[in-house]
Amino acid sequence: MLEVDALRKSFYGTLAVDDVSFRVESGEILGFLGPNGAGKTTTMRMITGFLEPNAGRVTVDGVDAAKKPREARARIGYLPETLALYPEMRVREYVRFRAELCGVPRRETKARVDDALATCFVDDVASKPIGNLSKGYRQRVGLAAALVHAPQVLVLDEPTVGLDPRQIVKVRDLIRDLKKDHTILLSTHILPEVELVCDRVVIIDRGKIVATGTPETLRQQLTQAPGLAVAIQGEVPDADGILRKLPGVVRAARIGAGGETRVLLEAERGADLREAVFRECVARGWTLLELAPRQATLEDVFVRLLATREAEHGPGGEGLPTAVEETGSGEARS
Amino acid sequence: MKALLAILKREFLAYFFSPLAYVVLTAFLFINGYVFYAILLSLNSPETPRQELMALFFKNVFYWIFMMLVSSIVAMRLVSEERKSGSIEALLTAPVGEGTVIAGKFLGGLTFFLFLWLPTVLYPVALSRYGTIDFGPIAASYLGIALFGALFLAAGTFASALTKNQIIAAIVSFVMILALFLAGVFRELVTDPKLREGLGYLNLIEHMDDFARGLVDTRRVVYVVSAVVFFLFLATKALQGNKGK
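Taken in sequence, the protein lines are chains U and F.
For what it's worth, the numbering used here labels the leading residue of the first sequence as 1, then goes sequentially.
For what it's worth, the numbering used here labels the leading residue of the second sequence as 1001, then goes sequentially.
If you're looking for bench data, these hints aren't it; they were derived computationally from the structure.
Backbone N, C-alpha and C fix where the C-beta goes; we use that ideal spot for every residue, glycine too.
Here are the simulated distance ranges between beta carbons:
1. F:1188 with U:106: 51 to 61 Å
2. F:1020 with U:21: 44 to 54 Å
3. F:1097 with U:21: 26 to 36 Å
Next comes chain F alone, as it looks inside the complex (with noise of 0.2 Å):
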């Protein structure tokens, strides 16, 4: 539990000392920021049915873009760098087994991810000021935020612990990310029922939709943990697995 506590800091530390950490940050804030006043400024003209501004916010298609791109990214590092640069030697011949390693780093990548969104966290403060603000959907959006920011960045600290080259980590996991996210997407394509039953499980626009509404199923909740659990598992074979060469 303390090595894992002392990776996950040292994890998320150590996004600050890389300048990436700061572009990320930038070009997240100025896409939210955008993405917020396009929205705001949409439903300020008249003929735009009521909607409910943050519940747009969670749901539009650059939220979904931005997630899948800013987890690749923020997870391709957690492993490669170090089986680049040679300290994961010292790591692993460190008392502690290969799967507290994978959960601190995913866990450390995690908390920069939540970090990420921190500030977006004024813009339903902000609008409180001007009009009620129903607080609840919003916190199950967040949470919505938290599930699939831990199931992105879990299949991103999977391809990270693939291989060596960072580039290459992040390529494999937006191509994994892509592929969870389209199999829900899928399910308009196909015809048979119990398969687009099954499908519509996958389907992460229904289930932040839910989300944003302020409804939080369990199935999902559970769904996105299994599945998160799943490539942690994977990543610690990975890692294992380098331990015959």
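The following block holds chain U by itself, in its conformation from the complex (with noise of 0.2 Å):
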């Protein structure tokens, strides 16, 4: 449905976007997670036609954005990240406006609007001017007005950054619930997000792509063997040196005190150590108070991913990608 194939857009020399392809098929949410400046916001960009790529393709549905720019645009919905709307203008009025800007036939007009409002949830405050709305609206404002027109494909720049949680939670079940009618490309500088809401990830770090798949599949490929947390009655100073001994296990760290001692394991791929855990314990006398697996979260598959590019490039001075806050980081902004 989207098709991306070799961009690449630079600034004043400096290369923000190099090479980036991917494709988001039809009925499919596609996240597009990077730390921040890492070229979400530019890659867009060049996806809606607001910037130029310096190379590279954009296809959407089958149109060329480059030699049809104005048919693509039609086909695509999008919330920029800087959500910027007009203060002075009334929800409806906006979203009346966006549906004649993107020549919605006279006679559908008033029908889709409604449609957009209500499917958003904001149709309770259709008469009120934007300005006097809190963020959530306005962001819901901002996804009713990229889609009155229907698009098949909608591209959402951060679409919940600077929410609060209620609200983050009613804009991530809008997304899903949109997934119906259209097909999805997020980007989100969020962990969580992606795990929760998208089917396919694209993860992109300073300007290339360094890693597509699924949650799953990511997550699978890039860890080793889920773990386990082991928490053990008492002090007990050797666990760990004596557990790291058990066949399998390849790592072992002890942690905290207090009246119990923890250790977190990490196994050999494939390999099951909650039985020979448990022997040891019951074999030494200690009482076993808990025994769990730990998942690896994509949360590691990032942090291990960007470490790795790290030995291999240099420190690239951004920020961990799960700082939730904005670092302010340089991204290419026009």
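Since each chain comes alone in its own frame, lean on the hints to assemble the complex.
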């Protein structure tokens, strides 16, 4: 549905996006994941025609965006990251304006506007000026405006950034709901969001794609087999050393005290340590309080991925991707 | 076409949500009313030679100062404001061409500019109660206002497309308009007859004198319209140029 082929963009000699290619299939939600400044916004701006790529091609539903820019844009609904709406306009007025701008036929306009307002749960503020709305409402108004002309593809740039937790849940539910009728490309630097919302993930760092796959496969490919968290009653100073010697254990680390000993075990791929750990504890007369599998999260994948790249290319000076706050690092902006 | 009208409507209405519009509107009516009153007063004194009042109204120096200043202020926000706030991103990623965006914004500004002049239509109407008024030259004068307003606003739209800063847009636009205006005035300083004739075509004061006498010369209309198209073309190019960065 949406095809991005070898996109490249540099600003004043600095390469912001370097040879980025991916496809978004019909009816899927693709997560575009990367730390701040990785080139997500620049890529999305090239897809939506706000920026012209230096090289590469964007195809939307078979339409080449460079050759027929207006036709391509008509198939895309775009929610920019820095969402600036006209504060003086009323919500319904604005969505109507967008419908007229995007060439929705006059007889359908009213129905489409009502529909978009209802879909995004903003019909209750339809006659309020946009400037008086909270950020969460504005975000949903932006979403309503993006889908009022019924585009096949939705491009959402950090749709949940700056929202409070309840609003985030609402917007995520809404996005999952939109999947029924739209193909969605969604960018984020928040990892749980990808796991919760997306079917497939493209990870981008410093302008280059570093990994592609479903959240599941990425986790399996890029992390060791799941480990175990063990809690033993009382202080057992050498617990990690003893458990480390069990067959199949790659690494063991002891943490904390306070009446109990916690040991984190990392296992070899495919090894199940639970029985061995249990028997060891019984044999030594330890009281086992807890024995829990440790699922590697996408976060682990991410950190590992970036750490290997760091080792290869030297430090890039970017904050950890798990940081929820904006780090203010220089994401390329026009 | 529909997109053009949608942009026009939004731009026109947006003026009324900013205090600037009301300040301009008030200042405009105050100065124009004052000028009208001053001309009326001077014509009333017996030693003044008989002249057409409305013709004086459209030809005096205040008229030109105001035309230039007001059109710079009306045009300055057209593109700059949206580039500053970032709403230009949503606008330019809609399926409309940059030319349509510029044309819609320009026409929205022009509509507001003409709206400013609307109350002055009352002056000749009021005068007609006390004497006979020839409405032909007055209609031609308003055509002149619309044409020069369009010319100045087109230059202002171009200036606005160049920067995110509205103040800079206003200054650049004023300088461009002043340069256009002075090009005609400079004729008086030139001795070469060919150049004198060429600059004569650019002399806006003469253009307006003609309109105020009720003379609509198609050459003058063609000059203004082609200059408008030229400036709007430049503005469109300026807007497209931003796509590179």
